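Number of protein chains: 2
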Amino acid sequence: MTDNSPRTDTVRPLRENTVDLWDFEVDVVVAGYGIAGVCAAIEAARAGAKVLILERTGGWGGAAALAGGFVYLGGGTALQRALGFDDTPENMATFLTAALGPGVDAAKIADYCAGSVEHYDWLVDCGVPFKEEFWGEPGWEPPHDEGLMYSGGENAAPFLDIAKPAPRGHVPQLADKKIGERSGGYMLMKPLADTVAELGVAVEYDTRIRRLIVDADDRVVGLLATRFGKPITVRAARGVVLATGSFAYDTEMIDRYTPQLSGRPGAAIEEHDGIGIRLAQALGAELAHMDASEVAIFGDPQMMARGILVNGRGQRYIAEDTYPGRIGQATLLRQENQAFLILDERSLEEALATESSTPFFRFPPKWVAETVAELEAEMGLPEQALQTTVATYNRHAANGSDPLLGKKPEWVRPIEGSLAGFDLRGFTAGFTLGGLRTDLDSRVLHVSGEPIPGLFAAGRCTSGLCAGGYVSGASLGDGSFYGRRAGRAAAAGTY
Amino acid sequence: MTDNSPRTDTVRPLRENTVDLWDFEVDVVVAGYGIAGVCAAIEAARAGAKVLILERTGGWGGAAALAGGFVYLGGGTALQRALGFDDTPENMATFLTAALGPGVDAAKIADYCAGSVEHYDWLVDCGVPFKEEFWGEPGWEPPHDEGLMYSGGENAAPFLDIAKPAPRGHVPQLADKKIGERSGGYMLMKPLADTVAELGVAVEYDTRIRRLIVDADDRVVGLLATRFGKPITVRAARGVVLATGSFAYDTEMIDRYTPQLSGRPGAAIEEHDGIGIRLAQALGAELAHMDASEVAIFGDPQMMARGILVNGRGQRYIAEDTYPGRIGQATLLRQENQAFLILDERSLEEALATESSTPFFRFPPKWVAETVAELEAEMGLPEQALQTTVATYNRHAANGSDPLLGKKPEWVRPIEGSLAGFDLRGFTAGFTLGGLRTDLDSRVLHVSGEPIPGLFAAGRCTSGLCAGGYVSGASLGDGSFYGRRAGRAAAAGTY
Chain L
1 MTDNSPRTDT VRPLRENTVD LWDFEVDVVV AGYGIAGVCA AIEAARAGAK VLILERTGGW
61 GGAAALAGGF VYLGGGTALQ RALGFDDTPE NMATFLTAAL GPGVDAAKIA DYCAGSVEHY
121 DWLVDCGVPF KEEFWGEPGW EPPHDEGLMY SGGENAAPFL DIAKPAPRGH VPQLADKKIG
181 ERSGGYMLMK PLADTVAELG VAVEYDTRIR RLIVDADDRV VGLLATRFGK PITVRAARGV
241 VLATGSFAYD TEMIDRYTPQ LSGRPGAAIE EHDGIGIRLA QALGAELAHM DASEVAIFGD
301 PQMMARGILV NGRGQRYIAE DTYPGRIGQA TLLRQENQAF LILDERSLEE ALATESSTPF
361 FRFPPKWVAE TVAELEAEMG LPEQALQTTV ATYNRHAANG SDPLLGKKPE WVRPIEGSLA
421 GFDLRGFTAG FTLGGLRTDL DSRVLHVSGE PIPGLFAAGR CTSGLCAGGY VSGASLGDGS
481 FYGRRAGRAA AAGTY
Chain A
1 MTDNSPRTDT VRPLRENTVD LWDFEVDVVV AGYGIAGVCA AIEAARAGAK VLILERTGGW
61 GGAAALAGGF VYLGGGTALQ RALGFDDTPE NMATFLTAAL GPGVDAAKIA DYCAGSVEHY
121 DWLVDCGVPF KEEFWGEPGW EPPHDEGLMY SGGENAAPFL DIAKPAPRGH VPQLADKKIG
181 ERSGGYMLMK PLADTVAELG VAVEYDTRIR RLIVDADDRV VGLLATRFGK PITVRAARGV
241 VLATGSFAYD TEMIDRYTPQ LSGRPGAAIE EHDGIGIRLA QALGAELAHM DASEVAIFGD
301 PQMMARGILV NGRGQRYIAE DTYPGRIGQA TLLRQENQAF LILDERSLEE ALATESSTPF
361 FRFPPKWVAE TVAELEAEMG LPEQALQTTV ATYNRHAANG SDPLLGKKPE WVRPIEGSLA
421 GFDLRGFTAG FTLGGLRTDL DSRVLHVSGE PIPGLFAAGR CTSGLCAGGY VSGASLGDGS
481 FYGRRAGRAA AAGTY
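Residue numbers (the numbering used here), protein chains in the order written: chain L, 1 to 495; chain A, 1 to 495.
Among the hints, a few may not be true.
Just so you know, same-sequence chains aren't split out, so a pair can sit in one copy or run between any two.
To be verified - Subject to a maximum C-alpha distance of 25 angstroms in a straight line, what follows is the list of computed SDA-like cross-link-like pairs (lysine to any residue):
no., residue 1, residue 2
1, Lys366, Glu349
2, Lys230, Glu416
3, Lys408, Gly312
4, Lys164, Glu416
5, Lys230, Gly449
6, Lys408, Glu383
7, Lys230, Asp215
8, Lys408, Gln338
9, Lys408, Gly48
10, Lys131, Gly493
11, Lys366, Pro403
12, Lys366, Ser356
13, Lys408, Arg334
14, Lys230, Pro403
Honestly, the hints are just simulated from the structure, not real lab data.
Values in this document were obtained by computation on a predicted structure and should not be read as measured data.
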C-alpha cells in the first residue's frame with residue numbers, strides 16, 4: 001500500500017476502484033475463525049473455492065473454543081437414537097418456537113430442525129467426537145465426558161407439556177476432561193480447524209477487518225483489514241463471509257440495543273465488538289432481535305432445583321428445575337436482576353453430595369437461619385413476604401406438586417428445619433443474540449428484503465435461531481449450521 | 001414522469017442523475033404531517049426556507065391529533081410555576097433517566113430538559129392553550145380540561161424517592177371537551193397546523209414517500225413519492241426531514257424487533273409502517289432501542305390504585321398507584337401479559353364514584369366472591385396463592401404501609417368483605433419507541449457515527465428520549481422538540 005492508503009477508521013464501504021493493490025486475491029474470504037468461520041471455510045474449500053480466513057487474534061477458536069461446547073441438535077440424531085431418545089424435526093421445531101420466541105424466524109427454525117440430523121453426521125465426519133452417554137441431572141454442563149444432555153428446559157415446565165421432551169445438547173467429548181483447562185468447545189473447534197488445515201485453507205492471523213470493498217454496483221468484492229496497523233486488501237471473487245461474533249463487548253452498541261447487558265458481558269470474548277454487523281449496516285443491511293441476549297446466572301443447578309428461587313419481593317417466579325439459562329433470563333430481564341436461593345439443610349447437603357459439574361458455584365450461603373421468619377428478617381424482606389411463599393410451597397410440596405410453577409415432583413419437597421439463603425442479586429452475565437438478518441443460504445439481507453450481492457454471514461453477528469429465548473447450544477448450533485451454508489453459497493459464486 | 005419512471009417498490013435510494021423531471025423544487029421537504037412534521041415545517045419556514053410537507057393521508061394530524069395530548073415538559077415551565085410546582089432541568093433529568101432507561105441517550109435527556117421551559121413557551125406562542133389547573137388523581141388523562149397532571153409515576157414508588165416529584169404532563173385545553181370526539185392532541189395540532197398555513201407552507205396530501213434521492217456523494221437531495229400510484233419527485237436543496245411515525249403497523253418489523261407487540265398495536269395509526277426508518281437504513285443509518293415499546297393496559301387507574309394487581313400466580317408486582325403505562329409495560333413485558341385486579345366492594349364503589357376520565361374501562365368484574373378463598377378458586381389460582389397475597393397486603397395495610405411495593409399510604413387499606421376480580425389478561429396494546437439514531441440537531445446518524453448529509457428525522461421514527469421505559473407525553477414531547485430542531489437544522493442548509 002502507498003501513502004494513498006484508504007482510511008481504516010470508518011465502517012463505510014470502500015470502492016473497489018480506489019484500491020491500487022490487492023494483497024490477497026481469493027474466491028472466498030472468511031472474517032473470523034470461530035465456529036461459523038471454520039464451518040464456512042470448510043464448505044467453501046470443499047466446493048472448490050480458494051479460501052482465506054482473516055482472524056483478529058493470534059489463533060483459531062473464537063468464543064467457541066472457550067465455550068462448554070453444546071451444539072443444539074435433534075430431530076433424531078444418531079446420538080439421540082443410540083441413547084434411546086425419540087425426536088422428530090417437527091417436535092424439535094415446536095419446542096424451539098416456544099422456547100426461543102416470540103418472533104422466531106419460522107423458516108429458519110424449520111430449516112434448522114430439518115437439517116439437524118445431517119449436520120450432526122457432518123460434524124462427526126469432520127472428526128468431532130461425541131460419547132454415547134447421557135447425563136440426566138440438572139446442570140450447566142455434563143460433569144464428565146457425557147455426550148448428550150438437556151440444555152434448554154425441554155423436560156421442565158412449561159415446555160414438557162408443549163413438545164415431547166428430548167435432550168438436544170450434544171457435547172463433543174474431551175478424552176481427559178480437566179475442569180478449567182479445555183472445554184467441549186475446544187473439542188468442537190480442534191477437529192474442524194484440523195480439517196481446514198487439511199483442505200489447504202490459508203489463514204492470516206492478527207488481522208482485523210475494517211471495511212467492506214464494493215464494486216460500482218455495490219456488490220461486495222473484498223475486505224480492507226489491518227495487521228499491526230498496516231492496511232491489507234483482500235479481493236474475494238465469489239464472496240465475503242462475516243463470522244465475527246457478537247457485539248457483547250461494544251459498549252455503545254450495548255447501550256443502544258441491549259442495555260440490560262451493560263457492564264455484564266459473559267461467555268463472549270473481547271474481540272466481539274460488532275464489527276461485522278456495522279460493516280453490513282453501512283450497506284443497508286437489515287437487523288433483527290438486537291435486544292435479545294443469552295443470560296447466565298451464577299447459581300448451581302443442583303442447588304436451584306432442590307430449593308426455591310425468590311425475587312426481591314420474596315416471590316417465586318420460575319420452576320427451579322428448568323434450564324439455568326432460562327432462570328438467568330427471567331432474573332435479569334423480568335425480576336430486576338434480584339434473586340435469592342433458599343434451601344433447607346437437608347437439600348443443601350444432598351446438592352453438595354451430587355456430582356455437580358460446577359464446584360465454581362459452591363460459595364457459602366450469605367444467611368443461615370433456624371426459621372423462615374428469621375431468614376426473612378435477615379434478608380431484609382417485608383414481614384410475611386418469604387414466610388407465605390414458603391408456606392404455600394410447602395403446602396403443595398407435601399402432596400408432591402407445585403401448581404404455581406410446575407417444578408417436577410422429583411424436586412419438590414417441603415422446606416423444613418435450618419435454612420440457607422444465597423444472595424444471587426446481580427449474579428448474571430451474558431452475550432448478545434441479535435444481529436444481521438440472513439436468509440437460509442446465509443445471505444445478508446438488505447432492508448429492501450433483497451440479498452446484498454457477495455455478502456454472507458453466520459454465527460452471532462447474525463440473528464439466528466433465537467428471537468429472545470435461549471437454549472445452550474443454539475449459538476454453536478446455528479453458527480456451525482449457517483456457517484456451512486455461508487461457505488457453500490459464497491463458493492457457488494452465483495450470489 | 002415518463003415511462004422511464006423510477007421503481008417505487010423498493011426502499012433503496014434513487015440517484016439524482018436518474019431523475020428526468022422534478023415535480024417540486026423546495027428548500028426543505030418534510031415527510032409526515034404529525035407532531036414532528038408540523039414543528040419541523042414551522043421552524044424551517046420561519047428560518048426562511050421554502051418548505052413542502054408530504055402527507056400520506058388526506059389531512060394533517062397523524063397519530064398526534066388522536067392522542068390524549070400530553071406533552072412531557074418540565075424544569076419549571078410557566079404552567080408548573082403558576083400551579084405552584086417546583087422543578088428544575090436537573091431534577092427532571094434525574095427522573096427521566098430512571099424512568100426511561102436503562103440505556104437512555106444522556107445527552108438527549110439533558111438537552112431536552114434544559115430546553116423544556118423554552119419549548120413550552122414556544123408552543124404557547126404558536127397558540128397552543130394550556131389551562132392553569134392541576135389534576136392530581138390517578139388516571140390516564142385529566143377528566144376535564146385541566147392543563148397539568150402526573151403522567152409518568154413521578155409521585156409513586158420507586159421514583160418519588162429518586163427525584164423530587166413534579167407533574168410534567170402538559171395537556172392542551174379543549175374548550176368544550178366531549179369524550180370520544182376531539183382530544184388534547186387535536187388541540188395541540190390545530191394551532192400548529194394553523195401556524196403552518198399562516199407561514200405559507202405548501203402541503204401535498206395523499207402523497208406517500210417511497211425512496212430517498214441522493215447525489216453522487218450520497219447526500220440526500222430529495223424524495224420520490226407517489227400519489228394515487230403516480231410517481232412524484234421532490235428536490236430539497238437544503239434537507240429532507242423524516243417525520244413518518246412509528247413502525248407499530250408493520251408486522252414484519254414488529255416480528256423482527258418488537259415481537260411482544262405482535263397483534264396488539266395501540267395509540268398508533270395504520271400509516272405507521274416504519275417507512276422513514278427503512279429508507280434511512282438503506283443509507284446506512286444507525287438504529288437504537290428497536291425493542292422499546294409504550295404499553296397501555298385497559299384498566300381504570302382509579303380502580304387499580306384502590307385495589308391490588310396480581311399476576312398469573314396471584315402475586316403482586318407493581319405499586320398500583322403508579323403511572324398506568326408503567327403498569328402496562330410491567331404486565332406485558334415482565335408478567336407474560338397476565339394481570340388480575342382485585343378490589344373489595346367498598347373500594348370499587350369509591351372508585352366508581354370518582355370523576356374518572358375513563359368510563360371506557362368500567363366493565364363489570366369477571367368474578368365476585370364473598371371470601372378470598374372463594375375468589376382464588378374461581379380464578380383458578382393454586383390454593384393459597386391469592387390468600388397469602390391478600391393476607392400479607394392486609395397485614396401491612398392495617399398500618400397504612402406497603403413495604404412490598406411502596407404504594408402510597410393514601411391508597412393502602414385492608415381488603416375486606418365481598419370481592420370483585422377483574423380479568424386484565426391480554427388487555428394491553430402499544431406502539432414502538434425505537435427508530436433512527438439522531439443527534440441533538442436531529443441529524444440522522446450513519447452507523448459510522450457521522451451524520452448522513454441532508455437527512456433529518458424526528459418523532460417516533462427516531463429513538464428519542466425513551467430507551468425502554470415510557471411516560472405519557474414523551475412522544476409528543478420529543479416529537480415536537482426535535483421536530484423543531486430538524487426544521488431549523490435542515491433550513492440552515494449547512495449539513
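Verification of the supplied hints:
1. Lys366 with Glu349: The answer is within: 16 angstroms in one copy meets 25 angstroms, while 47 angstroms across copies does not.
2. Lys230 with Glu416: So Lys230 and Glu416 fail the 25 angstroms test inside a copy (66 angstroms) and across (76 angstroms) alike.
3. Lys408 with Gly312: both (24 angstroms within a copy, 19 angstroms between copies)
4. Lys164 with Glu416: neither (34 angstroms within a copy, 45 angstroms between copies)
5. Lys230 with Gly449: Intra 36 angstroms, inter 23 angstroms, cutoff 25 angstroms: inter-copy only.
6. Lys408 with Glu383: Intra 29 angstroms, inter 18 angstroms, cutoff 25 angstroms: inter-copy only.
7. Lys230 with Asp215: Classified as within; 23 angstroms inside a copy, 32 angstroms across copies.
8. Lys408 with Gln338: Both: 24 angstroms inside a copy, 23 angstroms across copies.
9. Lys408 with Gly48: neither (52 angstroms within a copy, 71 angstroms between copies)
10. Lys131 with Gly493: neither (38 angstroms within a copy, 68 angstroms between copies)
11. Lys366 with Pro403: Between copies, since 22 angstroms is at most 25 angstroms while 29 angstroms is not.
12. Lys366 with Ser356: within (21 angstroms within a copy, 48 angstroms between copies)
13. Lys408 with Arg334: both (22 angstroms within a copy, 23 angstroms between copies)
14. Lys230 with Pro403: neither (63 angstroms within a copy, 61 angstroms between copies)
Comparing the model with each earlier hint shows violations of hints 2, 4, 9, 10 and 14; every other hint is respected.
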